[in-house]
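In order, the protein sequences belong to chains G and R. For the first sequence, the residue numbers in this note's numbering are 283 to 538. For the second sequence, the residue numbers in this note's numbering are 8 to 386.
Careful, some of the hints might be misleading.
Said to hold, decoys possible - Each computed DSSO-like pair below joins lysine-lysine, with the alpha-carbon atoms no more than 30 Å apart:
id : chain 1 : residue 1 : chain 2 : residue 2
1  : R       : Lys76     : R       : Lys139
2  : R       : Lys222    : G       : Lys455
3  : G       : Lys451    : R       : Lys365
4  : G       : Lys451    : R       : Lys222
5  : R       : Lys178    : G       : Lys451
6  : G       : Lys455    : R       : Lys178
7  : R       : Lys85     : R       : Lys178
8  : G       : Lys336    : R       : Lys141
9  : G       : Lys455    : R       : Lys139
10 : R       : Lys141    : G       : Lys451
11 : R       : Lys85     : G       : Lys455
Claimed, not checked - Sample of chain G residues lacking proximity to chain R, with all beta carbon distances greater than 12 Å (derived):
id : residue
12 : His292
13 : Pro303
14 : Gly350
15 : Thr437
16 : Leu443
17 : Leu445
18 : Ile456
19 : Pro459
20 : Leu460
21 : Val506
It is worth saying that the hints were derived from the structure and are not from the lab. Beta carbons are placed, not taken as given, at the ideal position from N, Cα and C, and that holds for glycine.
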Amino acid sequence: MRVRNWLRLHTSLVYLFLYGPILMLIVLSFNRSGLPTAWGGFSLHWYQELWQNKALLNAALNSVLVAGGSTLVSAVFGTLLAMGLERIARNMVLDAFVFLPMIIPDIVLAIALLSFFTFLEMPLSLLTITISHIVFNIAFVAAIVRTRLSYFDNTLEEASLDLGAPPLKTFFKITLPLIFPGIVAGSLLAFTISLDEFVIAFFTAGPARPTLPILIYSMVRFGVTPDVNALATIVLSISALLILISQRLGGTEGFF
Amino acid sequence: MNGWRELIRVENVVKRFGTTIAADHVSLSIGEGEFFALLGPSGCGKTTLLRMLAGFETPDSGAILLDGKDLTNVKPWKRPVNMMFQSYALFPHMTVYDNIAYGLRQEGLAAAEIERRVRQVLELIGLPELAKRKPGNLSGGQRQRVALARAIVKQPRVLLLDEPLAALDRKLRVEMRLELKRLQNEVGIAFVFVTHDQEEALSMADRAAVMRSGKIMQVGTPEELYNTPANLYVAQFIGEANVFAGRLQNSQGEWRLVTNANAYRVPSTEVQRSGLTNGEDAAVVVRPERMVIEPCEGEQDSAPLNRVFGRLLEIAYLGNARNFVVETDDGQRLSIQTPATELAPPVCVGESVCVGWKVESGILVSASENGGGKADEQA
Ligand SMILES: Nc1ncnc2c1ncn2[C@@H]1O[C@H](COP(=O)(O)OP(=O)(O)OP(=O)(O)O)[C@@H](O)[C@H]1O
Ligand SMILES: [Mg+2]
Numbered sequence: 283m284r285v286r287n288w289l290r291l292h293t294s295l296v297y298l299f300l301y302g303p304i305l306m307l308i309v310l311s312f313n314r315s316g317l318p319t320a321w322g323g324f325s326l327h328w329y330q331e332l333w334q335n336k337a338l339l340n341a342a343l344n345s346v347l348v349a350g351g352s353t354l355v356s357a358v359f360g361t362l363l364a365m366g367l368e369r370i371a372r373n374m375v376l377d378a379f380v381f382l383p384m385i386i387p388d389i390v391l392a393i394a395l396l397s398f399f400t401f402l403e404m405p406l407s408l409l410t411i412t413i414s415h416i417v418f419n420i421a422f423v424a425a426i427v428r429t430r431l432s433y434f435d436n437t438l439e440e441a442s443l444d445l446g447a448p449p450l451k452t453f454f455k456i457t458l459p460l461i462f463p464g465i466v467a468g469s470l471l472a473f474t475i476s477l478d479e480f481v482i483a484f485f486t487a488g489p490a491r492p493t494l495p496i497l498i499y500s501m502v503r504f505g506v507t508p509d510v511n512a513l514a515t516i517v518l519s520i521s522a523l524l525i526l527i528s529q530r531l532g533g534t535e536g537f538f
Numbered sequence: 008m009n010g011w012r013e014l015i016r017v018e019n020v021v022k023r024f025g026t027t028i029a030a031d032h033v034s035l036s037i038g039e040g041e042f043f044a045l046l047g048p049s050g051c052g053k054t055t056l057l058r059m060l061a062g063f064e065t066p067d068s069g070a071i072l073l074d075g076k077d078l079t080n081v082k083p084w085k086r087p088v089n090m091m092f093q094s095y096a097l098f099p100h101m102t103v104y105d106n107i108a109y110g111l112r113q114e115g116l117a118a119a120e121i122e123r124r125v126r127q128v129l130e131l132i133g134l135p136e137l138a139k140r141k142p143g144n145l146s147g148g149q150r151q152r153v154a155l156a157r158a159i160v161k162q163p164r165v166l167l168l169d170e171p172l173a174a175l176d177r178k179l180r181v182e183m184r185l186e187l188k189r190l191q192n193e194v195g196i197a198f199v200f201v202t203h204d205q206e207e208a209l210s211m212a213d214r215a216a217v218m219r220s221g222k223i224m225q226v227g228t229p230e231e232l233y234n235t236p237a238n239l240y241v242a243q244f245i246g247e248a249n250v251f252a253g254r255l256q257n258s259q260g261e262w263r264l265v266t267n268a269n270a271y272r273v274p275s276t277e278v279q280r281s282g283l284t285n286g287e288d289a290a291v292v293v294r295p296e297r298m299v300i301e302p303c304e305g306e307q308d309s310a311p312l313n314r315v316f317g318r319l320l321e322i323a324y325l326g327n328a329r330n331f332v333v334e335t336d337d338g339q340r341l342s343i344q345t346p347a348t349e350l351a352p353p354v355c356v357g358e359s360v361c362v363g364w365k366v367e368s369g370i371l372v373s374a375s376e377n378g379g380g381k382a383d384e385q386a
C-alpha cells in the first residue's frame with residue numbers, strides 16, 4: 283500500500299516535470315499581458331500578432347516545405363528500402379547501417395552533411411536542408427514500414443500472382459494497401475521530426491530562408507516576443523495530432 | 008478409369024534446396040477431371056511439387072507439361088492453374104465478393120459477367136449472404152469455402168489444394184471431404200490435393216501418389232495402394248499393417264516366408280506381383296481386419312491359415328469394430344480387428360491366444376531398399 287502511494291506520487295511528479303513547462307507555454311500564449319510573471323486575462327491577442335509577423339510565418343512556411351518535401355521523398359524511398367531489406371538482403375550489418383542515422387548524434391550528422399555540401403560546392407538553401415532531412419527521415423520510414431512488413435503474409439502476394447495479377451499490379455493492389463498504414467505512420471513521424479529539427483537545419487541552412495526553429499533561436503537571443511508562444515502552441519497541437527494519428531494506424535487491416 | 012485423358016505430365020522433375028532434395032526424379036500423370044492426392048509425411052516435398060505446378064518454384068531439371076505444352080517458363084499469373092493456399096491467403100482488405108472477383112478482374116471481363124460468375128460460385132459454396140463481409144469476420148470453415156470459391160471461379164484446368172482441410176476441426180474436416188468431392192464433381196476441374204492424412208487421401212482421391220523424401224513411392228487408386236502396396240513403406244503408410252519380416256524361400260513349388268521363429272505360407276500370385284525371387288529379404292503384410300483371433304485350445308488344423316501364438320494385451324471396443332492387441336511369443340505386437348456385428352471371440356486379456364490369417368490375405372512386399380525399416384514419420 284505504502285509503496286503504491288509513493289509510486290503514485292512519483293508518477294504525478296514526473297508528469298508535472300514533463301508537461302509543466304509545456305502547459306505553461308500554452309497558458310502564456312493566451313495571456314494578454316505577454317509577461318511570464320503576470321496574468322493579464324485571457325486573450326487571443328498574440329495569435330493576432332502572430333498573423334502580422336511575416337518573418338515568423340515565412341519561417342513556418344519554410345519548415346513545412348522542408349518537412350513536407352523530405353517526408354514525401356522519404357516515404358517512397360524508405361518504403362522501397364524496407365522492402366529490399368525485408369525481402370532481398372536479410373543482412374544484420376546492412377540493417378544496422380540503415381538505422382544508424384536515427385541514432386547518430388545530430389551534431390555529427392550536421393557536420394558531416396555540411397562538409398559534404400561544401401565538397402560538392404552546393405550553395406546552402408532550403409534544398410540542402412531538405413536533402414539532409416531525407417537522410418534521417420528515410421531511416422524512420424524504413425524502420426516503421428519494416429515492422430509492418432514483417433507481419434505481412436507473403437502468401438497473399440502469391441495468391442494474387444496465382445489469380446492472374448502480374449507483380450507490379452500485385453504490389454499496388456495487395457502489398458501497398460496492406461502496408462500503407464505503416465507508410466503513413468512512418469511519414470507522420472518523419473514530418474514531425476523534420477518540422478522542429480534544429481541542429482542539422484542550422485548547419486545546412488542558407489542565409490536567406492531560415493526554418494522556424496532557426497528563426498526562433500535567433501529571436502530568443504534578442505528577446506522572445508510573446509507571439510512565439512502562440513506559434514509554439516500551434517506547432518505543438520499539430521505535432522500532437524500527427525503523432526496521435528500515426529499511432530492510431532497500427533491496426534492489422536488494410537488502409538483502403 | 009474410362010475416358011481417362013492425360014492433362015498434366017510431370018517428367019523426371021528434380022528440385023533441390025541446398026542439400027535437401029525436395030523432388031527426386033518425380034514423374035506423374037494426372038488426368039482431366041481427376042481428383043488426385045499427393046500423400047506423404049511432413050517434409051517429403053508435397054508442397055514443393057504443388058508450388059512447381061503453380062509456377063512458384065522452378066524445377067532444377069525435368070519438365071511439367073499441361074495438355075502436352077511445356078509450362079516450365081510460364082509465369083504463375085499466366086498459367087491456367089489456380090491454387091488454394093493452406094493458410095487460405097484471403098486478402099484481408101477486401102470483401103468476400105472482391106476476393107472472389109479479384110481473379111476475374113485480372114482477365115478483364117465485363118462487370119456484369121464478373122458479377123454473374125461471383126454470385127454463381129457464392130451459391131455453389133452456399134454462402135451467398137456473406138458477399139459483403141471481410142475475411143476477418145468469417146469462421147474457419149467459411150474462410151475455407153471462400154478460398155475455394157476464389158480459386159474455382161477462374162475455371163482453371165487444374166486446381167491445386169495444399170492441405171485444404173488441415174486447419175479445420177475434425178468434425179468439419181470430415182464434412183468438408185464430401186463437400187469438396189461434390190464440388191469437384193460439379194465443376195469438373197482436376198483437383199490436385201496435398202495431404203499427410205492417409206484417411207483423407209483414401210476417402211477422396213480417384214488416385215493418389217505416396218511420397219517419401221522427394222521420391223514417388225507408388226501411384227494408384229486407393230484400393231491398389233491398400234491392397235497391393237509396392238513396398239513396405241507404402242504398406243505401412245496406408246492403413247494399419249502387421250508386418251512379418253523374413254526371407255522368401257521356395258521349397259517344392261510352395262513359397263514361404265521364413266522368419267526367425269516361424270515360416271508362413273505366401274500365395275504364389277503375390278510372389279509374381281511383387282517380382283521377388285527365392286532368397287530375397289521380404290515381408291508379409293497383413294491388415295488387422297484380415298486376421299482372426301481365437302483361444303489356443305487343442306489341435307487346430309484349419310489348413311489354409313498361417314498362425315502365430317501370443318498373449319492378448321488389450322481389447323478395445325470401437326462401436327463398429329473390436330480391436331485386439333496381441334504380443335507374440337517373440338515380442339512383436341499385432342493388431343487384429345473384427346467387426347462388432349460378429350460375436351466377440353471367446354478370448355480374455357492376459358490369456359494365450361492364437362492369431363491367424365488366410366494365406367491369400369498376406370501381402371508380399373520387398374523389405375529392402377525403399378521399403379526397408381519402419382516408415383519413419385508415419386502420420
Ligand atoms: N524455400 C525453401 N528453402 C529451403 N528449403 C525448402 C524450401 N521449401 C521447402 N524446403 C525443404 O524441402 C523439403 C520439402 O518441403 P515441402 O514443404 O515440400 O514438404 P511438405 O511435404 O509439404 O511438408 P508438410 O507436410 O510439412 O507441409 C523440406 O525438407 C523443406 O525443408
Ligand atoms: Mg506442405
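Okay, the hints, checked on the actual structure:
1. R/Lys76 <-> R/Lys139: violated, 40 Å
2. R/Lys222 <-> G/Lys455: Answer violated: lysine 222 of chain R to lysine 455 of chain G is near 38 Å, above 30 Å.
3. G/Lys451 <-> R/Lys365: violated, 64 Å
4. G/Lys451 <-> R/Lys222: At roughly 37 Å apart (the allowed maximum being 30 Å), lysine 222 of chain R and lysine 451 of chain G break the hint.
5. R/Lys178 <-> G/Lys451: violated, 39 Å
6. G/Lys455 <-> R/Lys178: violated, 36 Å
7. R/Lys85 <-> R/Lys178: violated, 37 Å
8. G/Lys336 <-> R/Lys141: Judged against 30 Å, a Cα distance of about 51 Å means the pair is violated.
9. G/Lys455 <-> R/Lys139: holds, 19 Å
10. R/Lys141 <-> G/Lys451: The hint holds at about 21 Å.
11. R/Lys85 <-> G/Lys455: OK: lysine 85 of chain R and lysine 455 of chain G at ~18 Å, within 30 Å.
12. His292: holds, 41 Å
13. Pro303: holds, 43 Å
14. Gly350: Consistent with the label, glycine 350 of chain G stays out of reach of chain R, its closest Cβ about 27 Å off (over 12 Å).
15. Thr437: violated, 4 Å
16. Leu443: About 5 Å separates leucine 443 of chain G from the closest Cβ of chain R, which leaves it inside 12 Å; violated.
17. Leu445: violated, 4 Å
18. Ile456: Nearest chain R Cβ is 6 Å from isoleucine 456 of chain G, so the label is violated.
19. Pro459: Per Cβ check, proline 459 of chain G is inside 12 Å of chain R; nearest 5 Å; violated.
20. Leu460: Check fails; 6 Å does not lie beyond 12 Å.
21. Val506: holds, 48 Å
The structure does not agree with the numbered hints 1, 2, 3, 4, 5, 6, 7, 8, 15, 16, 17, 18, 19 and 20 stated previously, though it agrees with the rest.
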